[in-house]
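Keeping their order, the protein sequence lines are chains A and B. Following this note's numbering, the numbering of the first sequence begins with 2 at its first residue and continues without gaps. Following this note's numbering, the numbering of the second sequence begins with 30 at its first residue and continues without gaps.
In case anyone wonders, no lab produced these hints; they're calculated from the structure. Please read all numbers here as calculations on a predicted model, not as lab measurements. Among the clues, some could well be false.
[Said to hold, decoys possible] DSS-like, lysine-lysine: derived pairs with alpha carbons at most 30 Å apart:
#1 A:K320 / B:K100
#2 B:K113 / A:K167
#3 A:K167 / B:K100
#4 B:K100 / B:K31
#5 B:K32 / A:K166
#6 B:K180 / B:K113
#7 A:K89 / B:K63
#8 B:K31 / B:K63
#9 A:K166 / B:K205
#10 A:K10 / A:K104
#11 B:K63 / A:K166
#12 A:K169 / B:K113
#13 A:K320 / A:K5
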Amino acid sequence: MTGKTLYDKLWDDHLVTENADGSALLYIDRHLLHEVTSPQAFEGLRLAGRQPWRLDTNLATPDHNVQTTDRSGGVDSIADPISRIQVKTLDENCDSFGITEFKMNDPRQGIVHVVGPEQGATLPGMTVVCGDSHTATHGAFAALAHGIGTSEVEHVLATQCLIAKKMKNMLIRVSGQLGAGVTAKDVVLHIIGVIGTAGGTGYAIEFGGDAIRSISMEGRMTICNMAIEAGARVGLVAVDDKTLDYVKGRPFAPKDEHWEQAVAAWKDLVSDEDAVFDQVVEIAAADIQPQVTWGTSPEMVAPVTAQVPDPAEIADPVKREGTERALRYMGLQPRQKITDIRLDRVFIGSCTNSRIEDLREAAAVVKGHKVASTLKQALVVPGSGLVKMQAEAEGLDKIFIEAGMEWREPGCSMCLAMNPDKLGAGEHCASTSNRNFEGRQGFGGRTHLVSPAMAAAAAIAGHFVDIREISRV
Amino acid sequence: MKKFTLHEGIVAPLDRANVDTDMIIPKQFLKSIKRSGFGPNLFDELRYLDEGQPDQDCSQRPLNPDFVLNKPRYQGCSVLLARKNFGCGSSREHAPWALEDFGIRAIIAPSYADIFFNNSFKNGLLPIILEEDLVDQLFREVEAQEGYQLKIDLEQQCVIKPDGTSLPFEIDAFRKHCLLNGLDDIGLTLEHADAIRAYEQRRRAEAPWMFS
């Protein structure tokens, strides 16, 4: 018998029932909730007279709609009445059903995918779901984690299970040593550039290889976070000492003899040597350069040293037309140098890149410099209240403020602009977020996805620059 | 959930790949706490020339005459013909809610993003997968003939063209059963309540830290 992949093990551990056609009931250990995709699910429970199956697996926090400016006035201070109602509805639903929630002014509030790991609410070996596609983030802990729709949010609340079908296994092995200035964000953008935004559709992707092992837990979260941009609902990294060190001592993590028991079980959360993957993609770490997206899909990405592509050179008509449309939307010329793209705003934040290491990386670049005078705004939005406190304890807030950046309260912010932080039409933004779709960061806004260091360097220069040149200065 | 058995309707061709959920229903409309009413804002940024706001009367807004759903020949359409990786991006179920509220009952494309695909079935919206060359052919036929309609027979798992040609498609047996009968997933799962409790009991012994 051949060995099992990490995904196979996680799947088998959570099977409640399995039908002949391959559909199964999968048990869910952790359910994270936020205000946008949960109200209709709670309403559904109420209409059917149902109660949550198991309260203690649920953890909620508002993140998409909250303002990142002054919050001393509480939820009533959310200016947009529709946003306010949505946040209040989450508060009311959690209160009435008895679900633990970190409310807007709780220091533990933040982006749900930052909060879960930070609290130890995400543990190795768990199944983790949330009505948000970036739930893939939690796979960095060898947890089977993926986004679900609102009907499934209701289903998990009511039954503690999901109806699921097993995905295929893909291994993306990144081998060798990453170059200076090349971060986890560049690794995942490069991977998306190689396999495309539908490359992982139908697969659970395990990220392996010595380059992945060398990356910190926060970097691994960045990589798994964007598995969905490669089409895969699930991204995974096997357990190692870094995983255990990160989890140990966190508020929701097991303690004492439970910790010992858990660690013994978690050590098996790796793919067996003889496991067979349906697809293996080999990536050489040395090939990865700092990345910048130039188009309106995350696969429209290039090294910072490159040029915008020329549609005339693309043979496939659907792809050529897509590229032409993207360049029109982005206001870019064929063969324009990436470093010639001028920026209007810079956004450092989102569930991809708003953790303490991301902020340290950005602060190290801007320290002692000033944001370019041509920039309208450079926003730094920490991923949670605790990340914010940590950054302030290290003096990072002062570095950003002295450079002319804005230091904000935690939330999703300009990643998707459901709160007041947004791009104006035609504005170019260097953003550490995860999607560069048309209108994503604001109607007519033009997003370029980059790492925190690249965003910080772009803020100072006013256009993209190769972070490796900066490091040498 | 609405049943899906047999459907016949006008086909609208949306000729672009990687249509994402931000395109299907932009984020400002996700602030609603209701499940209905998203139809007027389906493809909002493509469909209108101005920036849409929630709770706005869309009948007064300037339409983009070039957008397929605004063309007179596709009025009343209920089948959307699309390109590969349709519905990529976020997990928002507002995307199938908006399509369904607009009147779309089925989509035909070479491939879909996983979460969108899954969400569609929960809302009586049938995402059909056909080979890329068949989809290409349908695009040509729809554009050539005004009022082009397709018939979709879920029981027989086929799309029937106006000339009577039948294009078979695959569908998961469980999903087909639920769509044909309009079944509620939660009710079906709760029939397994004993199995869920048995799992929990076993798991509690094996992994007690998951229950503390």
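Hints versus structure:
no. : hint            : verdict
1   : A:K320 / B:K100 : 25 Å, holds
2   : B:K113 / A:K167 : 22 Å, holds
3   : A:K167 / B:K100 : 41 Å, violated
4   : B:K100 / B:K31  : 28 Å, holds
5   : B:K32 / A:K166  : 22 Å, holds
6   : B:K180 / B:K113 : 21 Å, holds
7   : A:K89 / B:K63   : 14 Å, holds
8   : B:K31 / B:K63   : 17 Å, holds
9   : A:K166 / B:K205 : 14 Å, holds
10  : A:K10 / A:K104  : 35 Å, violated
11  : B:K63 / A:K166  : 29 Å, holds
12  : A:K169 / B:K113 : 19 Å, holds
13  : A:K320 / A:K5   : 37 Å, violated
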